[in-house]
Structure formats: C-alpha cells, structure tokens
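Enquirer: Chains as they are written, first to last, in my numbering: chain Z, 652 to 1177; chain R, 23 to 619.
A couple of the hints might just be wrong.
[Unchecked claim] Computed list of lysine-lysine pairs in BS3-like fashion (alpha-carbon distance at most 25 Å, straight line): (1) R:Lys-150 with R:Lys-207; (2) Z:Lys-1122 with R:Lys-150; (3) Z:Lys-819 with Z:Lys-830; (4) Z:Lys-1122 with R:Lys-58; (5) R:Lys-388 with R:Lys-207; (6) R:Lys-58 with R:Lys-150; (7) Z:Lys-1122 with R:Lys-207; (8) R:Lys-58 with R:Lys-153; (9) R:Lys-541 with R:Lys-388; (10) Z:Lys-1122 with R:Lys-153.
[To be verified] Label pairs and their in silico Cβ distance ranges: (11) Z:Val-684 with R:Thr-260: 57 to 67 Å; (12) R:Arg-263 with Z:Pro-671: 23 to 33 Å; (13) Z:Gly-721 with R:Arg-263: 33 to 43 Å; (14) Z:Val-1141 with R:Ala-524: 51 to 61 Å; (15) R:Glu-100 with Z:Trp-716: 51 to 61 Å; (16) Z:Pro-671 with R:Thr-260: 41 to 51 Å; (17) Z:Phe-1161 with R:Arg-233: 43 to 53 Å; (18) Z:Pro-1128 with R:Ala-59: 33 to 43 Å; (19) R:Arg-233 with Z:Gly-721: 31 to 41 Å; (20) Z:Pro-1128 with R:Pro-268: 51 to 61 Å; (21) Z:Phe-1161 with R:Glu-251: 26 to 36 Å; (22) Z:Gly-721 with R:Ala-59: 48 to 58 Å.
Everything labelled a hint here was simulated from the structure, so no lab data went into it. Backbone N, C-alpha and C define an ideal beta-carbon position, used for all residues, glycine too.
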Amino acid sequence: MNFGTLITNLLNDTVAVSLPLFRPELALAATIVLLLLCRILPVLRHLDSALVALGGVGFALWYAWCDLRGLPVGDLAAGRQELFTGLIVFDSLTAYVRLLLMGFLVLYILFTRVSGIPDREDGADFYSLVLGSTLGMCLMASANHLLMLFMAVEMASVPSYALAGLLKGRRASSEAAIKYAVYGAGAAGIMLYGLSLLAGVLGTCHLPSMAVELSKVAGVGAASGTVMVLSLGGLMLAVGLAFKLSAVPFHFWCPDVFEGAAAEVGAFLSVASKAAAVALLLRVAFGLGVDESRQFIVYAIGLMAAVTCTLGNLAAYGQTNMKRLLAYSTIAHAGYLMMGVAAAVAMAGVFPAGSRAAVTAVAFYLGTYVFMNLGAFAIVALLRNTLRSEEISAYAGLVRTSPGIVVATAVVLVSLIGLPPLAGFISKFLIFASLVEAITSGAERPLMLLLLVIGGINTVISLFYYLRVLKVMTFDPPPAERAHEAFPLVSLPGALVTALVVPVVAFGIFWSGLYACAQLAGAFAS
Amino acid sequence: MDPTASLTQPALWPLTAIVFLPALVAAFLSLPIIPKAREEFIRWTSLLTMAVVFVLSLWMAWPQLFGATGPAQFRLGEPGMQAVVKLPWIDAFGIEYLLGVDGISMPLVVLTTFLSMLAAAASWPITKHVKAYHVLFLLLVTGMLGVFVSLDFFLFYVFWEVMLLPMYFLIGIWGGPRREYAAIKFFLYTLLGSVLMLLAILMLYFTSDLRLLSDDQLIAAHVVSPAVEGAARADALTAVRSAKNPVHTFNLLALAQLGQLPSSPFAAAEVWGMSLEKWAFLLLLIGFVIKVPVVPVHTWLPDAHVEAPTPISMILAGVLLKLGGYGILRICYPICPGAGLAFAWLVCGLGVVSMVYGAFAALAQKDFKRMVAYSSVSHMGYVMLGLGVWSAVAGNEYRWDAWAQGVNGAMFQMLAHGISSAGMFFMVGVLYDRVHHRNLEEFGGIFNRMPVYSGLAVAVFFAGLGLPGLCGFIGEVLVTLSSWNYSRTLAVISAFTVILTAAYILWAIQRVYLGAEYKGPHGDHLTPITARELAIAAPLVFFAILFGVAPQILFNYVTPTVNRQVETLADWTRRVHDAPPVAPAVAQRGADGVGSR
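Extracted from the complex, chain Z is given alone in its bound form:
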C-alpha cells in the first residue's frame, strides 16, 4: 500500500464513515467555538450565552436521537462501527449514553439559567467548560483505544477542575478546585502507568485487539510475572476509573468538592460525569473481560461496589450539609451501579441474555438518575437562592411556607431511597433483578449473593438519612429568625422543579418506553 492509497483510505474512513456518526460531538465543538467567540467579539457580547449553548446542544441532542433511532433493532452486532481507524467505537451504548448526556445538558442549561449561577458575565466561560467536559464524556462513552480512553478522561476532568472553582471569591470553592485537581492528577498518573503496563505486555492499545492478545498471553501456562504485570496494570487502570466514579477508596475528593463548589457544579459532576464513567467502566470491563480475566474483573468491580455502597451510605448519616449528604448519596449510588456492571460482566460468558439485561438495568438506572439527582441538586440550588443556606437545619419547617417544594424534595429523596412507585425503585429493582439472574444462572454465585445482600441492607440503611431531611422539613419547627420567604411552586423555578420531578414519578409507573431505550444500550453486551 503506497502513501497515496493510505491517505485516500483515511480520508474516506473519516469523511464517509466516521464524521456522520460523530455529529453530536461536532455540534458541541462548534458551540464551544461560538461561545468563545461570544466572549471575544464585541458584536456578540450581548448574546445570551445560555441560549447559544442551548441551541448548540439542541442540535447535538437531535443528532444523538437520530443516531439512536438509526440503530438496527433486529441485528444487534450490525450497528457497531469503529470510527477514526478504531480510536472510538459507535454502538448502541455510545448512542444511548450520548443521548443521555445531551438530554441532561438541555435540562442542565435550563436549570443553571433559572438558578442564576453562572451570572451573565461568567456565562460563556461556564458553558464552554461544561460543553467541553461533556465532549470528553461522550468520548469516554465511546473510547475503543487506551490512548482515547486517557484523553477522554482528561478532557472530561480538566474543565471540571475549573468548574469546581467557579465561585471565585469563596475560599471553599478554590479549595475544592485545588483538591480536585491534585487528586485528579494523581489518579490520572496512576492510570497512565497502568495503561502503559497493559499496552506493554499486550503490544496494542486497541481494546478488541487487546482482548485477543489477553486470551493468548494470560491463557493456560502463562508466566506468573506476566499475569502479575497485567493484574497490576488492570488495578491501576481501575484507580483512574474509580476516581471518576467516586468509588471507595478514591472518593475522598467527592464530598469536599461538592460542598465547596456551587450546587450547579455538583449536579454536573454527580450526573454527567457519573454516567460517562459508568459507560467507560462497561467498555473496559467488557473489552478486557475474556474468559481468563473475567473473574478478576468481576471480583474487582463487585468488591469495590460493595464497599462503595456501604461506606457511602454510612458516611451520609452524619452529614449536616445538604450538598455533602448528596455527595455521599452519589457515592452510594455509584456502588449500586457498579453492582449492575459486575453482574453484567459475570454473566457475559455464561448467559448473554442476562448480561444484556444487566447492562440494560445499568442504562436504565443512569436514565432515571439524571432526573433524580438533577432534581435533588436543583432543589438545593433554588432553596439556596431563597434561604441563603445549604445546611439541612436551614430547611426546618419549610413545609409551613412552601409545601410544594417539600413534596418535590420528598419525591426525589424517596426515589433515591428506592421506594415504589418512583423511578428510583424501578432502577434498583432492575439492578437487584440482574444480580438474582446472575445467581440463578450460576455466574460468580457467592459474589453475586454477597452483593445482593449488601444492596438490600444498604437500601434499608439509606432510608434513615434521606428521611432525616424530610423530617427536618416537615416535623421540625421553622427557625425563629427566618423571614417568611416562600418558595411558590407556581413560578419559573417551581416549574423547573416540577419538570424534573414529574419524570421521576412517571418513569416509576410507565417505564416501558425508557426500558426499551435502555434495552438498545443493553444490546452492546451481545
């Protein structure tokens, strides 16, 4: 093959195959450029950056929706396509997570517009950071190559560090940003080291090729040194992923960052970042999960899930700050999600249908999580605007003046506990269902039983701290010094909260549609 054909092939691959399936990302990139131009050009100064961002994301959302709709329903493998010479992959998981992220962005931009952070001055900066980070997250969800994996993680993380420091005047915010950045840099370094170990032993960075090499290298009679290096590399890679997932023991940044940063930033990190990290975890775990390595991966994810879930829930008990409480709740929910991932990988070898169902469960969880957690953070942010506080004790007796917002909070928090008839219950039900399916199909039975029991216990213990917030809001008398500011539900913020809370109820009762979408994502596991 001479140089000419190489160029022609490359051009052909890029223009004809890759770019059409890369439209959502392109739309985001174009919007970022436009936002930056808004910052620079005096002519565009007066454009509302939120509207610009919303317009751009609207396009991205439309393309993402078209891509998901365009997936062939019957033939599951046919939709899969490697783009940009195998650096990223387009398949049902990519399409689903991308749609989820774009949908989240639309809601998120509306929410930040209503809540007033960022102000007009910061708008262009803020939204370009958010969009840039989301671009990285889209790449995380579709990474098919270790190089892309690392770049995507960094691309998603670096803007987040800046976002954490958004409240420029506040020490806590700056502290959060620096903590996050240092922690993130450390995790990234370790992950990069792990990646280089894996790539060094396997001789490739392309995930599917790595799987092929892995079954050759780690097969029967493998040198113990090789296995050791591979395990070490895998664990170091897990450190980087765990940092993004805020999984224990790499969760320390999470409460501090959430408490220090604005609630708006917390919402972004807890929902979008989590969704992308889970998608990446699925990619890596399925990509590297050949018969020889599967048990190792399942145990690593499963045990981390058990610890994450339990510690997140226990640590949430003592919290007095609502954002900190939600941070630990986010950690705990990462645990539940990882349980689903563990079940999916465990069943991949023995029971593909179950594996698909487990990925579907995870995808469904992410879908409902958007509304639950964005709703929770929106309530925190909007109440902050009214009450000037994010402490739980400040919410005392809120039901007297603003019953509407208390009902909304109750719906969101009870959904996070996982009680029917709310969306959170269905998500948890599906995760538990996939664990039971793993048990009945005999895939890693002891671990799955353990996860099931731990998941059940955690549901019960999580009740207490979520309910404590509601208890303060309803049972406790309002503090004497509080002015009688009400938070009426019939208002713009009220409408926003309603728009976020209604799906939490609706997806708890009519969840066939979302489940069907999630099943498309589940097809990835075939």
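Fit chain R to the known structure of chain Z by using the hints.
Expert: Only chain R this time, still in chain Z's reference frame:
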C-alpha cells in the same frame, strides 16, 4: 387480547375505582386551588370519598343489596378468583395490572373501606394541617386496598410500599410526644421486611417458568385470560409453549401453580444448601410477620400505636396488621407449600409466643393505648397459629378439615380483630380527647360520667376478650380447636391465654370504667359522647355483636376459598411430599405418630 376488549372487562372500572378513587381525590385535594383554610370541606370530601368507596366495595361484595348480580360482582360460594382484571403493564417483564378478589380478599376489602370510612369520620378532632392529613390518609387507603386486590407480585409490592410513606408522615406529624421515634421505627422495620420480600420476589420470578404449566393451569391462573376464546386462546398458549427461554412470571396464581407442581422449580433450586422454596418462604415470612407483628419483631407496634392519632391507630390495628396475615395466606403457603410444611412449627411457635408474650405485656401496661396495642400482638398470635397449623402432618392421616378449621378461624379472627381493635382504639381515643391522658391508674368512674359511651366501650372490650356471642370468640375457638390436632401443648397454651386476655381486659375495664368517681386530671371535660362519636362507635359495636351471633355471614365468603386452598395443599402433601421415594420414612413416622396417641 386486543386493547378495546381489555378495556371492557366488567370488573375493570369498579375495582380500579375502589383502589384509585382515594388517590385521585388525594391528588385533587393537594392542588393549590383548594385553600388550606377550608377544613370542613376537606374533611367532608375525604369522608364522602370513603363512603363512596365503601358503597362500591359493598356493591361488589353483596350484590343482592343492589338488585341483580352483574358480572363484576361477587358470587358467593365460588372459591376461585372473581372479577379478574388483566391489562398489560410492563411487557419486558410480563408485569400486569392484574386484580381480582376471592373469598379471602373480598371481606378484607370491605373491612378496609368500612374502617377507612369510620377513620375519616374519626379524623374531625385533627386540627393541624388538615389538608395534608387527608391527602396522606387517602393515599394510605389506596395502598391498602391495592395490596388486597392485586394478583401480580410486582403490583402487590408497589402497593405494599406505597403505604409506608403516608403512614410515616401520619404518625410523625400528627402523633404524640415521641412521634418521630415511633415513625422512623415503623418505617425502618417495615422497609427491612419489604427489602427481604423484594429479594424473595426476584428469586421466585427468575426461577419460575410458565412452560411447566399445562394449558388448563395457564388459563386457571389467568396467564391466558379465560375470556379469550378460540384461535386467540390457542395463539396465546402457543406463545408461552414455544418460547425458547424460560417464561418468567409475577402472576401470583401462576406462581402458586408452579409451587405446587410435583417438580416444583422452587423446590429444585438450591441456594447455600437450602432449597430456594425455603429461602423464599422465610424471606417472605419475615416481611409479613413484621407487619402482623409477631414477637420478636413487634416492638414497632406499641410505639407506633401509642404515638399515632386515634384514626390512624384504628387503621393500623384494623387493616395494616391484617396485611401480614393476608400475605402469609395468599403468598407464602400456596407458592412454597413444601417450606410451609417444613416450617409449620416455626409459624405456630411464633404465633403462640406472641399470643402469650402479648398478653403478659398487656397485663403490665400502665398506658391504656399501649395495653390495647399489646392485646393486638396477642390476638394476631391466634391468626399466626391458625394459619400455621398444618394438621396434615399429624400422623399419616391427612386431616385437611382440621387445618381448614384453623385457617378459617384465622381469617375470622383477622376480620373480627379488625372490628374489635379499631373499636378499642377509638374508645381510648374518645377518652383521650377529653382528659388528655391515658394512664390506667388515673381513670375510674367513667361509667357514671359517660354512661352511653361506657356501655359501648365495654361491649367492644368484651368482643376483644373473646366473650361468646361476640366476634372475638369464634376465631379463637376455631384456632384453638384445630391446633389440638397439630400439637396438644400449643392448644393448651393458647386456651390458657384466654384467661390472660380476660385478666387484662377485665382489669382495664375495672380500672377505667368502674369505680366510684373519676379522680384524674381534667375531670370537668368528661362530657357525654357526641353524635359523631356515636355514629362511629355504634356500627363497630353492632358488627362486633352481629359477627358473634351470626358468624356465617363472614364464613359464607371465607370458607369456600379457604377450604379449596387447604384441600389443594393437603392434596399436594399427599401427592408430592409423600411421593413414593420417601414413602418408607413417612410410613415410619406415621406409625410412630399413631403409636404415641
């Protein structure tokens, strides 16, 4: 079934209305257009809603009262499921909106609507946040009714959980001084039970396989609706038969059919060295006995009862406790018969322990309401004993009639206790509204001050005591008699508990109602019973007497269904449990059993 045909199912709207009308009205009341200050309007709306729901449930249960019998109405003497409603809900998991009533659930539905109506009327003294109170109350009612009529396990679970949150707030906001503690305790206990239940549900679901059932069984279980005829039916049956993978189901009737197969998939599967059937039975049992409640998981009950406002105590004792018994009868035994047989001693033992413990604890109480609460623990012990008496194991001689007697007695006890305990809590509430204390030591002489009230109260307490001629008697006697065949020791203990019951109730009556004069605080507030209170107390007393002298009114509903279920299970024992492979061992045990008599 095509969508238009499914929307014309005769029972669809009546049953749906019974379950969802309260929730609908709750949604309406919660709208901002209803001003908080219009308390009377809200109270009347709530009461009228419950009255309408009560009449609707009566229309279903007792069609003769309303003229000709329609297809959606209950036909006495028919043991099977009636008025079945079947709509698809979540196709991916085969979850259906499957409702129906039979002789077990129909009386419980009417009891629920009746007590809820009385409780709505008893809610007039609630003056704090009236709007929120009635919204939560109506939501609670929807949850309770939904549990009794749902035949899909997923739907059942959803309704089961829907009750928790309203109850938490009802106790936590409108309760007594220790309300927060009581509310969270109630919630934690029940949630623990329901999470275990969820695990059992999932285990059963993923082990179930509809392909194992015959065509007749599929139709009987409403997997394929009996209303579908001809080619459509054949298609539906083939769809199940020709599936490549196991067809899982949440259908309670189908799960029961599967559990009673000679080769039950639940008995075959093993987890940690014990059959899945036994695991499921135990997990479900824990979930249900927390609700019943049974010693040692009863401790939430006295706290919840004492702190809850009077109408909520009535609902709690009258209906919520019955959900546990209903669950055991409807779910545990039919789906896991093998485990039911193996753990008969456990269920009966728990029953007798609660019976005795509850009675002794009631004797020791100084708080009137707490005493009544412990009497509930004691009385529900009879229900457990009656449900658990698997007389079939008494020797090789299958006395299904003895077990049927126990289960019928347990069902009657549940209904009777619904009347008498709600009545007792209401009577305590009437006194508390006047004198604002419940200390048994500080009462006395109420008879002189409130003669009409005291007469009614004493009647209700006698019903709770189990005096012949009143409703409490029948159930206790049947349960005690049937347990004789299972274990004489348990029968003797349960018979002697009656003495303890008599002791605490008579002692309470003596300390509260008898005596020369009232010396406690707020004596001047002891006004005669009001018309509203009389309108609540009188029906309770009326039914307590009616069901005591004419128990067949209830047995006409209960017996056909219970007898058939027990007969089926006894037959199952004969067919499956004592099938030839294990015949020698059984013969041996049978011989021993006969020898020891």
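Enquirer: Indicate, hint by hint, whether the structure satisfies it.
Expert: Going through the hints against the structure:
no. : hint                                  : in the structure
1   : R:Lys-150 with R:Lys-207              : 23 Å, holds
2   : Z:Lys-1122 with R:Lys-150             : 17 Å, holds
3   : Z:Lys-819 with Z:Lys-830              : 15 Å, holds
4   : Z:Lys-1122 with R:Lys-58              : 21 Å, holds
5   : R:Lys-388 with R:Lys-207              : 22 Å, holds
6   : R:Lys-58 with R:Lys-150               : 11 Å, holds
7   : Z:Lys-1122 with R:Lys-207             : 13 Å, holds
8   : R:Lys-58 with R:Lys-153               : 6 Å, holds
9   : R:Lys-541 with R:Lys-388              : 16 Å, holds
10  : Z:Lys-1122 with R:Lys-153             : 18 Å, holds
11  : Z:Val-684 with R:Thr-260: 57 to 67 Å  : 59 Å, holds
12  : R:Arg-263 with Z:Pro-671: 23 to 33 Å  : 45 Å, violated
13  : Z:Gly-721 with R:Arg-263: 33 to 43 Å  : 36 Å, holds
14  : Z:Val-1141 with R:Ala-524: 51 to 61 Å : 60 Å, holds
15  : R:Glu-100 with Z:Trp-716: 51 to 61 Å  : 52 Å, holds
16  : Z:Pro-671 with R:Thr-260: 41 to 51 Å  : 43 Å, holds
17  : Z:Phe-1161 with R:Arg-233: 43 to 53 Å : 29 Å, violated
18  : Z:Pro-1128 with R:Ala-59: 33 to 43 Å  : 21 Å, violated
19  : R:Arg-233 with Z:Gly-721: 31 to 41 Å  : 36 Å, holds
20  : Z:Pro-1128 with R:Pro-268: 51 to 61 Å : 56 Å, holds
21  : Z:Phe-1161 with R:Glu-251: 26 to 36 Å : 30 Å, holds
22  : Z:Gly-721 with R:Ala-59: 48 to 58 Å   : 56 Å, holds
Checked against the numbered hints listed earlier, the structure breaks hints 12, 17, 18; every other hint is satisfied.
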